[in-house]
Amino acid sequence: MKKEKIVVVDYGLGNLYSVQRALEHCGATDVCISSAIDDVINADKLILPGVGAFEDGVRGLNKHGLIEPIKSHALNNKPMLGICLGMQLLATSSEEFGTHFGLDLIPGKVVPIPTECADGNRRKVPFIGWANIPVSGSYGDDDNIILNELSKKQSVYLVHSYYFRPDNDNNIVATYDYQGAIITSVIRSNNIYGFQFHPEKSGEVGLGLLRAFLAL
Amino acid sequence: MNSIKKPIRLIARLDVKGESLIKGVHLEGLRIIGAPQEFAKKYYEQGADELIYIDIVASLYGRSNLADIVARTANEVFVPMTVGGGVRSIEDVGNLLRAGADKIAINTAAVRRPELISEVARKFGSQCMVLSIEAKRHGEGNWEIYTDGGREKSGLDAIEWASKAVSLGAGEILITSIDQEGTRKGFDNELTDTISKLVNVPIIASGGYGQVEHLTEVVNSGADAVAFADALHYGRTTIPDLRRHACEQGFLVRSV
Numbered sequence: 006m007k008k009e010k011i012v013v014v015d016y017g018l019g020n021l022y023s024v025q026r027a028l029e030h031c032g033a034t035d036v037c038i039s040s041a042i043d044d045v046i047n048a049d050k051l052i053l054p055g056v057g058a059f060e061d062g063v064r065g066l067n068k069h070g071l072i073e074p075i076k077s078h079a080l081n082n083k084p085m086l087g088i089c090l091g092m093q094l095l096a097t098s099s100e101e102f103g104t105h106f107g108l109d110l111i112p113g114k115v116v117p118i119p120t121e122c123a124d125g126n127r128r129k130v131p132f133i134g135w136a137n138i139p140v141s142g143s144y145g146d147d148d149n150i151i152l153n154e155l156s157k158k159q160s161v162y163l164v165h166s167y168y169f170r171p172d173n174d175n176n177i178v179a180t181y182d183y184q185g186a187i188i189t190s191v192i193r194s195n196n197i198y199g200f201q202f203h204p205e206k207s208g209e210v211g212l213g214l215l216r217a218f219l220a221l
Numbered sequence: 716m717n718s719i720k721k722p723i724r725l726i727a728r729l730d731v732k733g734e735s736l737i738k739g740v741h742l743e744g745l746r747i748i749g750a751p752q753e754f755a756k757k758y759y760e761q762g763a764d765e766l767i768y769i770d771i772v773a774s775l776y777g778r779s780n781l782a783d784i785v786a787r788t789a790n791e792v793f794v795p796m797t798v799g800g801g802v803r804s805i806e807d808v809g810n811l812l813r814a815g816a817d818k819i820a821i822n823t824a825a826v827r828r829p830e831l832i833s834e835v836a837r838k839f840g841s842q843c844m845v846l847s848i849e850a851k852r853h854g855e856g857n858w859e860i861y862t863d864g865g866r867e868k869s870g871l872d873a874i875e876w877a878s879k880a881v882s883l884g885a886g887e888i889l890i891t892s893i894d895q896e897g898t899r900k901g902f903d904n905e906l907t908d909t910i911s912k913l914v915n916v917p918i919i920a921s922g923g924y925g926q927v928e929h930l931t932e933v934v935n936s937g938a939d940a941v942a943f944a945d946a947l948h949y950g951r952t953t954i955p956d957l958r959r960h961a962c963e964q965g966f967l968v969r970s971v
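Protein chains in written order, with this note's numbering: chain A, 6 to 221; chain B, 716 to 971.
Okay, chain B solo, but in the shape it has when bound:
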């Protein structure tokens, strides 16, 4: 048993559509929950280590109007914000950073043009370039990358893609399991484990939280940070509860 405690981050994830915070219901549609920045502020006050904003329909419409939500949030929330959804270019990245984002998560645009990863890393730094992976199991021990908000198959192997993206300059990977998201049955631990053994950048696991054991399992599988969405939005757990559990499990968490 490793006596050196592993530091982990607890992240609140907010998926937005237009002006609203939404939650996708597994295999069904979307449910509007409320105003994103109000929830963001609540989670910040509860002690969320970071926030993630993903505009889930942006790449459908070819643009993201997330900058306004980010700018309003940045006036009240003073922890790191990762923003993604429909980010297509260096210009988009620059606009979001200026609005108040610290890290930018990119999926579709990077799959279409991997050089974008290097361009972002070179101009703004690897720490700002988060590779967003939406992956679905595809046979034994394989996962396929999906783009366009998890709607389109890409034919890309998730593991190879993760490795390539890091070599191009991605400084962190956000893994969302399409299979697990919204199920409350746990994260895709095998996917997390496989990627974490291959790359040496921090990994954020997202999609599937249902009970405290899931947090322990995914961290032990290699996640350095865990994102919580509907578990928080529907009040099934709170950041302080998650922090207490993480502490009890021997992980090193932020002292608030």
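If we strip away everything but chain A, and leave its shape as in the complex, we get:
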């Protein structure tokens, strides 16, 4: 296990302690939960967790002055992982409760999971549960250990009402099928990863993905 400073960004939302606990369980020794700009700037790896509404997320990031530091971490090519709302915040904008602008690190939009199925049945929203997330689309680097982990074809745990639709299919790594709707579950742009699911709550397969991120 590399000796690295992992920072879990605290912007007021999210199950920070669960994420920290899971990272430590995976062997990380220097995991810090922080809202301080210096910690974000000095992090070797950054995790952006988040549970809740997009607008509240953006407000929280702004309140702590974290938008520019997070962007600069990403642009310095350091690994970064957005989880759930954290993944959605990487987008250009979201339609949740009006239009709000995100970090714009991966171009695209956050839109609602449609409640109507093609056959007229209802989809319950939020989606709460487990789904298989087959790897789809092109993602370049075949040796990438996160992608290898995903190819193990086990289910992960998701809770969400909105999902991220990147402008470029190249940024979509994996999706899941929710009663006929194809929902983005993993996105990537070089060093920036997003998991719509909760790796800290997806059992051993989730922990495997966190270990893979830690090993990048």
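Read the hints as simulated data drawn from the structure, not as lab findings.
Quantities reported herein were computed from a predicted structural model and do not represent experimental measurements.
Backbone N, C-alpha and C fix where the C-beta goes; we use that ideal spot for every residue, glycine too.
A portion of the hints provided could be inaccurate.
To be verified - List of simulated lysine-lysine pairs, DSS-like, C-alpha gap at most 25 Å:
| id | chain 1 | residue 1 | chain 2 | residue 2 |
| --- | --- | --- | --- | --- |
| 1 | B | K721 | A | K157 |
| 2 | B | K868 | B | K900 |
| 3 | B | K738 | B | K756 |
| 4 | B | K720 | B | K912 |
| 5 | A | K158 | B | K756 |
| 6 | B | K757 | B | K738 |
| 7 | B | K757 | A | K157 |
| 8 | A | K157 | B | K756 |
| 9 | B | K721 | A | K158 |
| 10 | A | K157 | B | K720 |
| 11 | A | K158 | B | K720 |
| 12 | B | K868 | B | K732 |
| 13 | B | K838 | A | K68 |
| 14 | B | K757 | A | K158 |
As the list claims (entries may be wrong) - If you anchor each label on the Cβ, the simulated ranges turn out as follows:
| id | chain 1 | residue 1 | chain 2 | residue 2 | range |
| --- | --- | --- | --- | --- | --- |
| 15 | A | N149 | B | K868 | 53 to 63 Å |
| 16 | A | K158 | B | E760 | 16 to 26 Å |
| 17 | B | N915 | A | D172 | 53 to 63 Å |
| 18 | B | K868 | A | D35 | 37 to 47 Å |
| 19 | A | S77 | B | P955 | 45 to 55 Å |
| 20 | B | S970 | A | N175 | 44 to 54 Å |
| 21 | B | I747 | A | D49 | 40 to 50 Å |
Got chain A sorted already, so can you dock chain B onto it with the hints?
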């Protein structure tokens, strides 16, 4: 026949009293089974999709000491945990989330002050706010809400209450049938069906499992998740067996 498979969750439910996992015996008392976190870990390793911890005497004593059990479990169990029993305030919710819970189930305190539901939903999100319903049949097609661990009549109609709670921000409903719990005669399918037709949030059915057909029936009645307690604690079934049966019935389950 709908060809789009319905995803369902298999949940292990652990009722606790003090430091112990217990099981209520229908119309009688309680039986101590053992240490909650040991059972929790066993069910996690067996592949339970989620865990539910309910402190069944907390609201009697006005407080819950569940946080310690939750914190110990959270170090070993990495699937979602719903925790309830005696949760009275935003502070209680915050403490349990910090200890490791993902969702908080509230019954008595919400019945007494429905605004609590909105406050929890606003601060922590609807996905975290599970309405816990303990319901008993009350005449034809009606059910009454019971509070305080299923001991006190509330005079509230369960169906109206479920609908109101969702409009206030509850993101999921945990339905426990007082009539069926511990009987092994099946869940209250009519109650599940009635609530599921009225609200569009996921529903967890709890109370009454005895044989595999009961799982099929309650899912077909609208349950999105099913909680198992004594069937697991007494070893009458296992999570893998339940998963296999659910698969055979055409439901979509987690791949472990």
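Quick rundown of the hints versus the structure:
no., hint, in the structure
1, B:K721 with A:K157, "holds, 23 Å"
2, B:K868 with B:K900, "holds, 24 Å"
3, B:K738 with B:K756, "holds, 18 Å"
4, B:K720 with B:K912, "holds, 18 Å"
5, A:K158 with B:K756, "holds, 23 Å"
6, B:K757 with B:K738, "holds, 17 Å"
7, B:K757 with A:K157, "holds, 23 Å"
8, A:K157 with B:K756, "holds, 23 Å"
9, B:K721 with A:K158, "holds, 19 Å"
10, A:K157 with B:K720, "holds, 22 Å"
11, A:K158 with B:K720, "holds, 18 Å"
12, B:K868 with B:K732, "holds, 22 Å"
13, B:K838 with A:K68, "holds, 17 Å"
14, B:K757 with A:K158, "holds, 23 Å"
15, A:N149 with B:K868: 53 to 63 Å, "holds, 59 Å"
16, A:K158 with B:E760: 16 to 26 Å, "holds, 20 Å"
17, B:N915 with A:D172: 53 to 63 Å, "violated, 30 Å"
18, B:K868 with A:D35: 37 to 47 Å, "violated, 54 Å"
19, A:S77 with B:P955: 45 to 55 Å, "holds, 48 Å"
20, B:S970 with A:N175: 44 to 54 Å, "violated, 27 Å"
21, B:I747 with A:D49: 40 to 50 Å, "holds, 48 Å"
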